[in-house]
Amino acid sequence: MSKLFGGSLLIAGTCIGGGMLGLPIATAKSGVLGSSVLFIICWMLMTFTALLTLEVNLCFPKESNMISMAKATLGKSGEIICWTVYLFFLYALVSAYIAGGQDVLHGLLALIGIDAPIAVCAFIFVGVFGAIVMAGVKHVDLFNRLLMMIKLLTIFVLIFFIVQQIDLNNYITSKPIYVLSAVTVAVTSFGFSIIVPSLRNYFDDNIKQLRLAIVIGSILPLLCYIMWNTAIFGSVPLQGDFGLERLQTLDQPITGLLASLQHFVPQQTIIMLARGFTSICVLTAFACVSLGLADYLADGFKVKAESKARWGVMLATFIPPIGVVLFYPQAFIMLLGIAGLLCLILQALMPVLMAWRCRYVNKIEGSYQVFGGKPLLILASLTSLIMIFIASYQMIYREFI
Numbered sequence: 122m123s124k125l126f127g128g129s130l131l132i133a134g135t136c137i138g139g140g141m142l143g144l145p146i147a148t149a150k151s152g153v154l155g156s157s158v159l160f161i162i163c164w165m166l167m168t169f170t171a172l173l174t175l176e177v178n179l180c181f182p183k184e185s186n187m188i189s190m191a192k193a194t195l196g197k198s199g200e201i202i203c204w205t206v207y208l209f210f211l212y213a214l215v216s217a218y219i220a221g222g223q224d225v226l227h228g229l230l231a232l233i234g235i236d237a238p239i240a241v242c243a244f245i246f247v248g249v250f251g252a253i254v255m256a257g258v259k260h261v262d263l264f265n266r267l268l269m270m271i272k273l274l275t276i277f278v279l280i281f282f283i284v285q286q287i288d289l290n291n292y293i294t295s296k297p298i299y300v301l302s303a304v305t306v307a308v309t310s311f312g313f314s315i316i317v318p319s320l321r322n323y324f325d326d327n328i329k330q331l332r333l334a335i336v337i338g339s340i341l342p343l344l345c346y347i348m349w350n351t352a353i354f355g356s357v358p359l360q361g362d363f364g365l366e367r368l369q370t371l372d373q374p375i376t377g378l379l380a381s382l383q384h385f386v387p388q389q390t391i392i393m394l395a396r397g398f399t400s401i402c403v404l405t406a407f408a409c410v411s412l413g414l415a416d417y418l419a420d421g422f423k424v425k426a427e428s429k430a431r432w433g434v435m436l437a438t439f440i441p442p443i444g445v446v447l448f449y450p451q452a453f454i455m456l457l458g459i460a461g462l463l464c465l466i467l468q469a470l471m472p473v474l475m476a477w478r479c480r481y482v483n484k485i486e487g488s489y490q491v492f493g494g495k496p497l498l499i500l501a502s503l504t505s506l507i508m509i510f511i512a513s514y515q516m517i518y519r520e521f522i
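My numbering puts the first residue of the sequence shown at 122, with every later residue one more than the last.
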């Protein structure tokens, strides 16, 4: 039961990041109904494909990750695509959390009168919290349990204060059709299957607990996202100087959202809770995603968990993102812009293709098979392709039209 609790929180911690504060901004025009339907569809798709990832992973030896799974099911071309694109996606996420972590640490040090260079804060952040990742999934689990409990308590208290200021008139200005513009943001918010192979090792092939952890751990973010959007949409109007629509045009929309909350919900407690929530989100997401990246690299380089070569894996995990954050901020922003599209390809479409090849082409019989057969695999692949088309069109439209 303790492992089930910890595994569920690892999944929830990977999903519920600082980006949750930005969900009301991305889905502002679609309102509560439109955004809730989108969240439910994305939750169903990403939970199903996470279970497919587990199914394929269980067909191979322990410590197998996406690289070896792709090679065995999709061939050499699948391995190359997986190596390149998945690595690109994971590094983008780790870079984001290092950037957020250095800002959090810089602010904390400033409170006690220490004006540390931002680069030093980045190295301190990675050195301290990267050591937890180096220690392995059990230590990340303990660290994540503590912060996740604080995070969930914080978000529920935050929502409690905000709902007291709800104006029902704010709910009638939305148009659900605009929800299509937030597809990539919503999908990325459920992108937790990167840690499924790590959880398999943690649960020691206990399939029942693995399945429960995936379902329970993904439901927590779904509930949080719906409640958070409902609270924000009711307390902050769509139009106006402090409205949600205007926040979409700002360079720092999260800071703008905090300012809007302060304007419409004039309680200092709200701002303190929101800042604390953002800080904790950065730490939990950094630990969980970095663990997934480290295990992914270890699988690719065939490095055992107890091996001394694990140090090399840690350097490969953290040095490139630090370089991106410190020296190429423009490239970093570009990487985040396509992270949602990569998430759809790698965590929605690819698990379907691997499961199909495993079941019906290579005839590999594992210890677990997700329900639904061919019809559900086809439905999941079509849904993924439609979302990929929407995301690609939006990206091209924003950049070139």
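Everything labelled a hint here was simulated from the structure, so no lab data went into it. Only a predicted model underlies this, so the values are computations on that prediction, with no experimental measurement involved. Careful: at least some of the hints might be erroneous.
Derived pair list, reagent style SDA-like, types lysine to any residue, alpha-carbon separation capped at 25 Å [to be verified]:
#, residue 1, residue 2
1, K124, K259
2, K423, M435
3, K150, F422
4, K423, L274
5, K197, F448
6, K259, V241
7, K150, G355
8, K495, A252
9, K495, K259
10, K124, A231
What follows is a set of in silico ranges between Cβ atoms, one per label pair, in the way DEER data are often shown [to be verified]:
#, residue 1, residue 2, range
11, I499, G228, 31 to 37 Å
12, I485, I337, 23 to 29 Å
13, L267, I293, 37 to 43 Å
14, I485, L229, 47 to 53 Å
15, Q369, I293, 36 to 42 Å
16, K183, G361, 52 to 58 Å
17, L267, G196, 52 to 58 Å
18, I499, I280, 34 to 40 Å
19, L263, Y489, 24 to 30 Å
20, I235, T390, 24 to 30 Å
Glycine residues also receive a C-beta, built at the ideal position from the N, C-alpha and C atoms.
We went through each hint and held it up to the structure:
no., hint, result
1, K124 / K259, "9 Å, holds"
2, K423 / M435, "14 Å, holds"
3, K150 / F422, "46 Å, violated"
4, K423 / L274, "40 Å, violated"
5, K197 / F448, "33 Å, violated"
6, K259 / V241, "28 Å, violated"
7, K150 / G355, "13 Å, holds"
8, K495 / A252, "43 Å, violated"
9, K495 / K259, "36 Å, violated"
10, K124 / A231, "38 Å, violated"
11, I499 / G228: 31 to 37 Å, "49 Å, violated"
12, I485 / I337: 23 to 29 Å, "28 Å, holds"
13, L267 / I293: 37 to 43 Å, "41 Å, holds"
14, I485 / L229: 47 to 53 Å, "50 Å, holds"
15, Q369 / I293: 36 to 42 Å, "20 Å, violated"
16, K183 / G361: 52 to 58 Å, "55 Å, holds"
17, L267 / G196: 52 to 58 Å, "43 Å, violated"
18, I499 / I280: 34 to 40 Å, "38 Å, holds"
19, L263 / Y489: 24 to 30 Å, "27 Å, holds"
20, I235 / T390: 24 to 30 Å, "26 Å, holds"
When held up to the earlier numbered hints, the structure conflicts with 3, 4, 5, 6, 8, 9, 10, 11, 15 and 17 and fits the remainder.
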